[in-house]
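Participant: Chain by chain, the residues run as shown.
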Amino acid sequence: DIQMTQSPSTLSASVGDRVTITCRASQSISNWLAWYQLKPGKAPKILIYKASFLETGVPSRFSGSGSGTEFTLTIDNLQPDDLGTYFCQQFYKYPGNFGPGTTVEI
Amino acid sequence: DVQLSESGGGLVQPGGSLRLSCATSGFTFKTSAMSWVRRAPGKGLEWVSATSGASSRTYYAESVKGRFTIFRDNSQNVLYLQMSNLRADDSAMYYCARERNYGDFDYWGQGTLVTVSS
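Protein sequence lines correspond, in order, to chains A and B. The letter at position 11 of the first sequence is residue 11 when you use our numbering, and the numbering goes up by one with no holes. The letter at position 13 of the second sequence is residue 13 when you use our numbering, and the numbering goes up by one with no holes.
Simulated from the structure, these hints should not be mistaken for laboratory data. Just so you know, these numbers come straight off a predicted model, no measurement behind them. Hints are supplied without guarantee of correctness; some may be wrong.
[Unchecked claim] Only part of the chain B face toward chain A is listed, based on derived beta-carbon distances under 7 Å:
1) 44
2) 45
3) 47
4) 102
5) 103
6) 104
7) 106
8) 108
9) 109
10) 110
Think of the CB as a built atom: it goes at the ideal place given N, C-alpha and C, for glycine as much as any other residue.
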């Protein structure tokens, strides 16, 4: 099984900050990685697919990078609406499993 | 507009059963692979089960194999998860999601809460 880890588990930031979340895979997954945002009471939302492709309708302040085993989700100009928990998911090997999540507090 | 709406969650005793439903609209359900993903309180996301579109092949996480059954009604655009012999560690918010060809999930419902407790 491919193990996914994320860091940090929680981060506190201010409006306007640049925030970076790291996701690591236990083996190379090429660029088969997605990022999701979870907010209480709302449907999870895909932000990034194939490591760096911005999903349609997602604000451009979100960006993803990386390949192989290390990946990054960056949020530029953090907004109050960005609070929530962010998960990475590998889909190199089926079924795609998720990282443990990073909670962003504003 | 794409919509997925889960229902059927609730409080159930250990060893009991529940059937979750996910009503969908706005996309071609019959050819879409669909999954159930759950999140236990304070935990991360866990993929639970999936069914392919046209062939309706099914897949299960080891933690639910033999206890959960995923099935779909393509005439009504509804996905189901029949859960039996429920345990406390099955307590979670259950989400249905559409799976793209790559294996990521582009559409999700808001979830239905399952609590297994005596």
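Participant: Now, for every hint given, state plainly whether the structure supports it.
Facilitator: Status of the hints after comparison with the structure:
| no. | hint | result |
| --- | --- | --- |
| 1 | 44 | holds (4 Å) |
| 2 | 45 | holds (4 Å) |
| 3 | 47 | holds (5 Å) |
| 4 | 102 | holds (6 Å) |
| 5 | 103 | holds (3 Å) |
| 6 | 104 | holds (4 Å) |
| 7 | 106 | holds (6 Å) |
| 8 | 108 | holds (4 Å) |
| 9 | 109 | holds (6 Å) |
| 10 | 110 | holds (5 Å) |
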